[in-house]
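Protein chains: 2
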Amino acid sequence: MDPSFTAYYVAELPLQSSIRNFLERQRRFQRNLAVVSSGGTTVPLEKHTVRFLDNFSTGRRGAASAEYFLESEYAVVFLYREGSLRPLQRRLAKLVTDPVTVLVSEGHIKEGVASFRVTADAQAALVQYERALKEERVLEVPFCTVYEYAQYLELIASASAVFERNAILYMAAAVSDFYLRFEDFKSHKRTSDSALVLKLSCTPKLLDLLRELWAPQAFVVAFKLETSMETLHERAQLTASRSGAHIMVANLLHERHHRVWILENGRMEEIECPESDTEIEKRIVEAVIASHRCYLDADR
Amino acid sequence: MDPSFTAYYVAELPLQSSIRNFLERQRRFQRNLAVVSSGGTTVPLEKHTVRFLDNFSTGRRGAASAEYFLESEYAVVFLYREGSLRPLQRRLAKLVTDPVTVLVSEGHIKEGVASFRVTADAQAALVQYERALKEERVLEVPFCTVYEYAQYLELIASASAVFERNAILYMAAAVSDFYLRFEDFKSHKRTSDSALVLKLSCTPKLLDLLRELWAPQAFVVAFKLETSMETLHERAQLTASRSGAHIMVANLLHERHHRVWILENGRMEEIECPESDTEIEKRIVEAVIASHRCYLDADR
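Residue numbers (the numbering used here), protein chains in the order written: chain X, -6 to 293; chain S, -6 to 293.
Take the hints with a grain of salt, since some may be wrong.
One copy or two, either will do: identical chains are not told apart, so a pair holds if it fits within one copy or between any two.
For lysine-lysine, the following DSS-like pairs were computed, each having C-alpha atoms within a straight-line distance of at most 30 Å [to be verified]:
hint, residue 1, residue 2
1, 103, 198
2, 198, 127
3, 40, 103
4, 275, 103
5, 87, 40
6, 103, 179
7, 275, 198
8, 275, 127
9, 198, 179
10, 275, 179
11, 127, 179
12, 103, 87
13, 40, 198
14, 127, 192
Since the hints were made in silico from the structure, they are not lab data.
For clarity, every value in this text was computed on a predicted model and none was experimentally measured.
Using the sequences and the hints, build the whole thing.
This is the structure:
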């Protein structure tokens, strides 16, 4: 990998040993593994970061998908951008986006205890998540920059290589395509008296590294988000054949919650979920798990 | 203002009439007004936004300050970045950052009601905020881009000019110093096959416009965040004399919760709050309100 990219890497990642212990535990229990990446990555422009480039992502797709993998008894490593949605949070709806209004207008506070109504659906999901936590079947790993993301991904993917075909790498994070070479990285905040020219380089193709080096036998699911229908299918197919991802999930920004295309072995299948119907991530994960089973069977 | 900046403006801002009604109401009750801006602004790189530049800001300073203005019976317009901290949220601590863990590990869910403990301090603050909401003394206005921020600020500041000296403009938002000229703004997501060169221009100096055009009599409090002590005081003084802000609050990124300098009429006063002591925003707002009183008295 380009040394002007890896120059950002740290000597030891905060959750390094938790990750190793977690993966060993899952191996002992012979669980299938899903590594779900989620949320956008940042590219800081200064060492003491005031400004940064970011990718738009609420983390909803990754968070919802992680839940459905847990429901299907997979062990899950959830590699997520700090502050983006985590599993179950969207089910708490306004408690996450506006907790003060929930407590002030819809809840009660009395004698140091706050209480408010939750839906039956949210309650059931919380109970299920509690079970996954007790079984130590889920590990949440936060990142912020694209460098932390890449370093964690290499660590997790490499450590999950022992799962051979039993691991799914479900790469839903919105990874920055560009980064600032370490040598152009400024120590302190730039002054704002003159125009700023930023020269950004292409981020190493992490998908290719996954398939070639880090976890060659894992089942890789990649995502392609575009904003125009004209380029969507072509770019999805290009990325699929370049990277060797087993499944590409392609979608348009404005309709990503209702329609996706699943590209597998050159075939393109459309999945559509009208609003208020099933959550589309449920359908995507079902399709992925079905293909993963075929992938496992092909090896027997 | 530069037309390549205002080309991003919309025909009508979502909360335009709510803001006018709110300000008229405060005038009728002869309340003093504090306009508190808070959080970072984004600079989208594409029309269907996938990538954007951002400024690091949790919104903690603005949110805490808004509470202290409310406590001192000011009416408050809280102009905040969507997703950044809002008044009271930091008092709910982990419920905001990690609601699922609070509910699963520390709370109870039974028969569709979730409950958990809150501190006495949080409870008192929530009750007080409820009162401010009932008195219609607080209006929260969300923005995302630097263009929405500037357009809202012009609207709010201009509409608050009738408050004459009774309005404080407390500009705690981390406003992007750079933006992308509208003519360089791309419709769709850029491809990532080659390096990217971004040419960014300087954002119009909104502080100067506040003082010169929009609300010449309002009491203006500006903030200067730097990462190095060497440049902090010099840059704060430069901005103060250029913009004519009545108070500059200067601070370093790493110690911003414990130490600030208040620059007023060429005098620099240090405020320090060791951890676990008073919240520093309480001290800043007290100092600002004391100066605002002098500013009002000078007019009598």
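Right, here's what the structure says about each hint:
1. 103 with 198: Answer is neither; intra-copy 54 Å and inter-copy 47 Å both fail.
2. 198 with 127: Cα proximity of residue 198 and residue 127: none, with 36 Å in one copy and 54 Å across.
3. 40 with 103: So residue 40 and residue 103 fail the 30 Å test inside a copy (45 Å) and across (47 Å) alike.
4. 275 with 103: Between copies only: 26 Å across chains, 39 Å inside a chain, cut-off 30 Å.
5. 87 with 40: This pair counts as between: shortest inter-copy Cα distance 28 Å, intra-copy 35 Å.
6. 103 with 179: neither (51 Å within a copy, 52 Å between copies)
7. 275 with 198: within (28 Å within a copy, 48 Å between copies)
8. 275 with 127: within (23 Å within a copy, 42 Å between copies)
9. 198 with 179: both (25 Å within a copy, 24 Å between copies)
10. 275 with 179: neither (44 Å within a copy, 34 Å between copies)
11. 127 with 179: The answer is neither: 44 Å in one copy and 48 Å across copies each exceed 30 Å.
12. 103 with 87: Both: 21 Å inside a chain and 19 Å across chains, each within 30 Å.
13. 40 with 198: both (24 Å within a copy, 25 Å between copies)
14. 127 with 192: neither (47 Å within a copy, 51 Å between copies)
Against the hints set out earlier in the document, violations occur for numbers 1, 2, 3, 6, 10, 11, 14.
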